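Residue numbers (the working numbering), protein chains in the order written: chain A, 1 to 161; chain B, 162 to 1021.
Derived by calculation from the structure, the hints in this document are not laboratory data. Please read all numbers here as calculations on a predicted model, not as lab measurements. Be careful, since some hints might not be right.
Think about it this way: if two alpha-carbon atoms lie no more than 27 Å apart in a straight line, the pair counts; the simulated DSS-like pairs of lysine-lysine are [as the list claims (entries may be wrong)]:
#	chain 1	residue 1	chain 2	residue 2
1	B	913	B	929
2	B	874	B	727
3	A	122	B	639
4	B	311	B	727
5	B	389	A	122
6	B	639	B	311
Short, incomplete list of chain B residues facing chain A, as computed with Cβ under 7 Å [claimed, not checked]:
#	residue
7	650
8	792
9	832
10	833
11	854
Glycine included, each C-beta is placed from N, C-alpha and C at the ideal position.
This is what each chain is made of:
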Amino acid sequence: MSGLAFISPGAARAENGFEPRTASPLARALEGSRGLRDLSLLGKVEVRGSFLLDGPGFEVLRITPQRALVLCEPARCAELLETYPGLAVDMTCALAGIELEGDTLMRRLTDLDLSRLPAAAKVAGVAAILAASDRGIRIFFAQEYGHSVVEAVRDLQEGLA
Amino acid sequence: MRLDPQPGERLDRSRAVVFSFRGKPVHAFAGDTIGSALYASGQRIFSRSFKYHRPRGLVCCSGSCPNCMMNVDGTPNVRVCAEPVRAGAVVEPQNVLGSLERDLLSVVDKVGRPFTPVGFYYRTMIRPRRLWPLYEKFLRNVAGLGRIDKHRGRTTRYDTEHRAVDVLVIGGGRSGLRAAREASAGGGRVMLVDENARTFADEPFEIVAPGRALGIFEGGLVPVDAGKLLLRVRAPRIVVATGAVEQPLVFPGNDLVGVMLPDGARRLVRDFAVKPGERAVVLGADDRALSVADDLRAAGVDVIATVDLRERDPEAVAAEGKGGLLRAVSIDGVRHACDLLVASGAPQPAYSLLAQAGGKISYDAARGSFVPSELPAGIEAVGRVAGELGSVAPVRACHGEGGFVCICEDVAVKDLKRALAEGFDSIELAKRYTTVTMGPCQGRLCHLSSIRIFAREQGTDEAAIGTTTARPPWAPVKLGLLAGRPHEPAKRTSLHFRHEEAGADVIWTGAWRRPHSYGDAPAEARNVHATVGVIDVSTLGKLLVTGPDAVAFLERLYPNRYGDLKPGRVRYGVLSTDAGRIMDDGTVARLTDETFFVTTTSTGADGVLGWFEWWNAVWNMDVEIVNVTGAVSAVNVAGPQARELLGRATTTDISAEGFRYLDARESRVAGVPCLMLRIGFVGELGYELHFPSSYGEYVWDMLLGLGAELGAKPFGLEAQRILRLEKQHIIVGQDTDSESNVLDANMSWIAKLDKDDFVGKWALEHAKERGPRELLVGFEMANGTVPPEGGQVVRAGLPCGRVTSSRWSDQVGKAIGLAWLPPELAAEDTAFEIRVNGRLEGARVRLRPFFDPDGERLKT
């Protein structure tokens, strides 16, 4: 059974003189930014089917009744993959994420009703999953769009300055 | 002339503002509009009309008509009667040759009118056709409004903001304010928008002013133009309080400078303390219009006659002028010398937003106007727009023979009559033929008049004529505001910045940004043949197909066979539509009995995912499909030294025996978990490496670092295209189109027609039985000329095929390509011709790959 390790960043090892290093897809786009926190390297596992998740350290964002995005520390992704074999896929690298504050900024990014989160909607023209947090709003989107989304967010911040 | 301070005036006389008009300074006060300041300075002619270049002056002072359009700071078509003054503004007239007072193009009015009736452009300036560019240039320079500076570029920032409220009130007059206050008292979020730049008292709800509602769309969406901000407001309850618009009367001379609407004159007096004239005549059909006489008298204007059209509707009204300026008006033969005629018929409720929302609009014969009669749920009308107009009466369609119906488009009464005579006998047809209501006012000042005239001419009533369809935008809106910020979402691989740092020429391919080359594509291709190259193929779509029914699912989807694919093996696949046409291609690797890793083309990933998901829903199989395109980066290592390079990064056995052609192995490369596929698109020994995208730059750096002494270099899309063409490997969408199937595309081995069923099977069976209409073949040019992609294959002077791909190959030493040819030309070594720059160049069919035809280097 393939553990699909080639999708999981947590499966990398320092070996034979190699010391793998990760990089966020948003690193360059966020240089010099203000008020934006990079969540790209946060552990993210998509779980399908009916399941009950118990225990601290896991935050479940329901996307549909049969799909959820679970957020956790990267090292705990393997735990979820083992707990839900065949139902869980490591999306840590698939999704970039940012956390930001500001109602007006959010209203310029999306037409979603922000009083009903988590939800899926378009942000800066890109499909995204949004969730509330203590510090504002967290937004997750396909990592290949990451640079583009952050550019759009920073441009809109300029317009509000 | 500026009056003494008026109660409630909008001016701040303590703040002087100076702007320039025609290069000369104009002194104004803060609170003035450019129009009011110009009028106060003595300017009377504000523009020249669209077609006939007739002098035009202020009419509405509310931004509804076209008469005051000027160029302000380089922006054309600014209605200066509603544009606030600003210091240093540069204001210029537009659509004139000469000056506003002496426009040389007014010859069109004096001499050209017989030759330019309504619809003249359907009958004249047609032949000779080759002169049309001249006609177009002539017409564009003679008629029109403002000009855009094509080189100006983007100078203003516009933003878009999404808002959700419980109640949106459109219109900040008495009725609108009352509705907003009541809604606010009931709790909930209330927003009021008003198109005027007004000051409101403190209210317990949000006010946007100026804010023009542009339309009402499905789902309670109302875009509001708030200057540099477009508010996209959604509200379950919308209250329309847009009031009513005064309607100009139609009579000879009704477009002379000095003929105004009552509210226009009132605004000049009350808001801007400007005396509109010396001697005035007032005609009105409602109390509000007639009350302007009091404002005029208070401003020192001699009101010499007032006519209540409810009591007496004159048969003939005629205005006389000199130099375009009003000098007198005759009412049923009685002449009054005057310089100001303030006139309007019954006001017309501004129902357009209600009509857009699906409201029914009906004619009220007693009031002589169209009013909303039925409204959909969630839409309300209050105040004058709902028909609360007080005591009004309908007026005649025309007061005398002649006059303009539409001052925006210079459409006269005789033009409407002519349209009817020519057979355009419905209001919608006549509108399109005459362009009445299609100008800047969008029918606010002319729609009712045009309906009345049609009714009169056709011997029917306004209810029978009806209205034309109301469409957004309700008010003119800048395209820049609708466009908003220029964000174009772009996809970048996790290696993107390595390409930029290496000096790559980055291009768009679909939504992806990809390196076209690193400066010398032929050299990059040669390097792959000589030693080893590395290319970023992270853009490939990547799907996991997993579950007990995964095999059956893929068997049904693909013409290929996958049931016999063993775990640890990979196979090229072509996806077909129901009609047997090539939809996408890629590879399918079997990781375990129930888990497959599918790659797609870079631009086809979303479509293939949708295709898979749709069929999965139809067949209801026990299969999960997961899009891991962004989760995984991919790199292709290709060339004679590829094994040597990869061997330095992994401990996996990648010998020829340990890792055979079309094997799939999961291992680690440079410590990073990796799925390695031994495949080759570019014809050399090659490995496609898939690994978590967050390690993209690291793996790339490692490979190029380890391969430096081997001469490893990156290669881009262009080099890849040369290399794959040498092998006659197709690119879906480049070498195939919506009609192509695998049989005709020289891939008949793909379609396993002995399978029970697969998507498109019946179509391919039919295609096989019918035989090919054309075939995709390779070719080489006789003389080294590279034909254009899309170039015509010619036989007996007629096109019979087309070139899909073509390149010069250093490796082969020839110009090569792929082309679709008729079957009778598609045999090996057949000569044919391709049109290149008007000449016919020779080519020959080559059915086998140009480079390494037996695939020895690929499979070494």
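Check each numbered hint against the structure and report the violated ones by number, ascending.
Hint check: 2 and 4 fail, others pass.
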